[in-house]
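> So you can see what is in the structure, the chains are spelled out below.
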Amino acid sequence: MSNRILVLGDGAAGTIISNKLRFLIPTEDADITVIGNSKFHYFKPDGIHIPLGMKRYQDSVKKPEFLFNYGINYVKDTISNIDVQNKKVSTKSGKEHTYDYLIIATGDRLVPEDIPNFASEAHHFYSLEGSLELKKKLAGFNGGKIVIGPSSIPYQCPPAPYEFTFQLYRYLNKRGILKDTEIHYIFPPNRVFTIENVAVYIEKLFDEKNIQYHTMFNVESIDSGARKINSLEGEELPYDLLVLVPPHKGQEVITKSGLADEVGYIDVDKHKLTYGNYDNVFVIGDATNLPISKAGATAHFESEYLASKIASEISGFISDDEYDGAVACTTVTGDEKAMTLYFSYN
Amino acid sequence: MEEKIKPTKIIDARGSFCPGPLMELIKAYKSAKLNDIISVYSTDSGTKRDASAWIKKSNNELIGVFEHEGYYEIVMKKTKG
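Residue numbers (our numbering), protein chains in the order written: chain U, 1 to 346; chain A, 347 to 427.
For the record, the hints were derived by calculation from the structure and aren't laboratory data.
Where hints are given, some of them may not hold.
Stated by the list, open to error - Here are the simulated DSS-like pairs of lysine-lysine, each with C-alpha atoms no more than 30 angstroms apart in a straight line:
hint, chain 1, residue 1, chain 2, residue 2
1, U, Lys272, U, Lys256
2, A, Lys355, U, Lys249
3, U, Lys228, A, Lys379
4, A, Lys373, U, Lys249
5, U, Lys209, A, Lys376
6, A, Lys394, U, Lys249
7, U, Lys92, U, Lys20
8, U, Lys145, U, Lys179
9, A, Lys402, U, Lys204
10, U, Lys256, A, Lys402
11, U, Lys228, A, Lys376
12, A, Lys423, U, Lys228
13, A, Lys402, U, Lys145
14, U, Lys20, U, Lys63
15, U, Lys270, A, Lys376
16, U, Lys228, A, Lys352
17, U, Lys204, A, Lys403
18, U, Lys272, U, Lys137
19, U, Lys249, A, Lys423
20, A, Lys355, U, Lys270
As the structure is a prediction and not an experimental result, all values here were calculated from the model.
In isolation and in its complexed conformation, chain A is listed as follows:
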C-alpha cells in the first residue's frame, strides 16, 4: 500500500475464509467515524471481489486493492455518514 495512506483501523483477517474477512470489515465499519480509513488483510482471494463489491454497494470509497506477499489488502474510506 502507498506510504501516504495511513489506515485508521487495520483488520488482520488472514487465515479466515470468505465471507469472514468481509464481515470483519463490516463490523469495523459500523463503529468507524466518517472519513476513517479501514484496511483489511486477507489470504482468501475471494475477499478482493466480495469486499470491493460491498464497499461500492454501500456507497463508500474503495481506495485500492493491493497484493502483498501471501495476502491481499483492501483499503476503504468511510464516506457515508
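Chain U extracted, bound-state conformation:
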C-alpha cells in the first residue's frame, strides 16, 4: 500500500524535504503532496545583495512549481487548519487532506507592525519588496548615521545583518561616501552574534572598519519625530537611515490549530523533530522552536536526517538515527572574504 506523505509549505524547507523524499522513495511506495500558496519562490540569501546592486532580483525568483521534482503533487492552496489528532489538514478552498506522514514546513513571517512606526521609518532586506525599497533609499543616501541590526530574536538567518553591514561598508566606500557615514550595529544579546567565538571575530572586523556596535539593544520603539530608536534597556540611538530586521513570528495557522502559543513556533523533540506524542508528525525549518538558526541551511540539514529516516521506515527498516542539530553555512565577512560556520546542539 502506498504511503501518503503530506508536506505543508512551499518555501525552502518544504521544497528541500519534498525533493529529498522523492529522490529516496520510489513513486509506487509513497505519494508526496505539498500544499503552499507562494506566488513565487524568492531565494532569500540574495536579500543582502539586491539593495546594493550586486544582484538582479530577476535571478532570485522562480515559480514554486518549477522547483519540485517529477512525482511530487503540488497543490496551490492556503492551509486553514491542521488537525493532528484526526490526521487531517483543511485548506481555504474547502478541501481536506489526510496523511500517513505529516511534515510541517510552514516557516515564519515578518511582523513589522509589532513595532510602532516601523513601516514608515525602517527599511529592511528580509523580503524582495523590502530589498527593492532599500535599494531606492540607498541610492539617495549621501552620508549620515546608519543604524543596522535585528530588532529582536529570533529572526531568519542570524548572520545576515552582519553580512549586509560588511557589504554596505564596501558599497559606501565605492560610492565615496564612507567618510561621511557612521555605521552603528545593534544586537539584542550581550555580543554582536549569538555564537560567542563568532561574535569575537565579528567584533574584531567591526573594530578594524570603525563600525560601532551596541549590544543588549532590543528595539522597543521608533520615535519618528526625533528620528531615534529606543531600546528596552533604556538606550536611544539617532539615525538618518534605519535598516532593521523586522520582528518575526510563526504562522497564524499554527497558533489557530493549537500547535503553538501566540508567538507561533512549534515545540518539537530536538533529536527526532517530532511534534508532541505523534511519531508521524514532523516539523522542520523556521516553524520550529529549536535552539538553532532559522535558515535554509538548517532546513537542508534537518531534511537530510528526516528524509532518510522516513525512507528507511517506508522500506521496512528501523532507523534509530537522531538529529544532533548540526548545521553548516557560509557567511560573507567583507573584503571579498567569507567564513563557514559549523554548529550543533552541543
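Knowing the structure of chain U, use the given hints to seat chain A on it.
Same frame as chain U, now just chain A:
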C-alpha cells in the same frame, strides 16, 4: 533559592544554549508587570553572566544567581516600568 522569594514566573530554559535562556527571560520580561519576580533555569553556565549583565543594563534588580544540582537559577525583579 531562598524560601521567602516566590517567583511570579519561572522559565525553564534547561537544555537550551546561550543566548536562548537570556532571550526567553527578555520575552517574559516584556509581558511582566512592575515588581514581578522572574526566575530562569539554565544548564548553560554562560547564562549567569549574560542574564546578570542584561538585568543590570536594563536597570532592573538582580535578586540572585543560585547553583542547583545540574542547573543554575537567575532571579530578577522587574523594577523598571
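> Give a verdict on every hint.
Evaluation of the provided hints:
no.	hint	result
1	U/Lys272 <-> U/Lys256	holds, 24 angstroms
2	A/Lys355 <-> U/Lys249	holds, 22 angstroms
3	U/Lys228 <-> A/Lys379	holds, 26 angstroms
4	A/Lys373 <-> U/Lys249	holds, 13 angstroms
5	U/Lys209 <-> A/Lys376	violated, 34 angstroms
6	A/Lys394 <-> U/Lys249	holds, 27 angstroms
7	U/Lys92 <-> U/Lys20	holds, 28 angstroms
8	U/Lys145 <-> U/Lys179	holds, 11 angstroms
9	A/Lys402 <-> U/Lys204	holds, 25 angstroms
10	U/Lys256 <-> A/Lys402	violated, 37 angstroms
11	U/Lys228 <-> A/Lys376	holds, 21 angstroms
12	A/Lys423 <-> U/Lys228	holds, 28 angstroms
13	A/Lys402 <-> U/Lys145	holds, 28 angstroms
14	U/Lys20 <-> U/Lys63	holds, 19 angstroms
15	U/Lys270 <-> A/Lys376	holds, 27 angstroms
16	U/Lys228 <-> A/Lys352	violated, 38 angstroms
17	U/Lys204 <-> A/Lys403	holds, 23 angstroms
18	U/Lys272 <-> U/Lys137	violated, 45 angstroms
19	U/Lys249 <-> A/Lys423	holds, 27 angstroms
20	A/Lys355 <-> U/Lys270	holds, 25 angstroms
Going through the hint list in order, the structure does not satisfy hints 5, 10, 16, 18.
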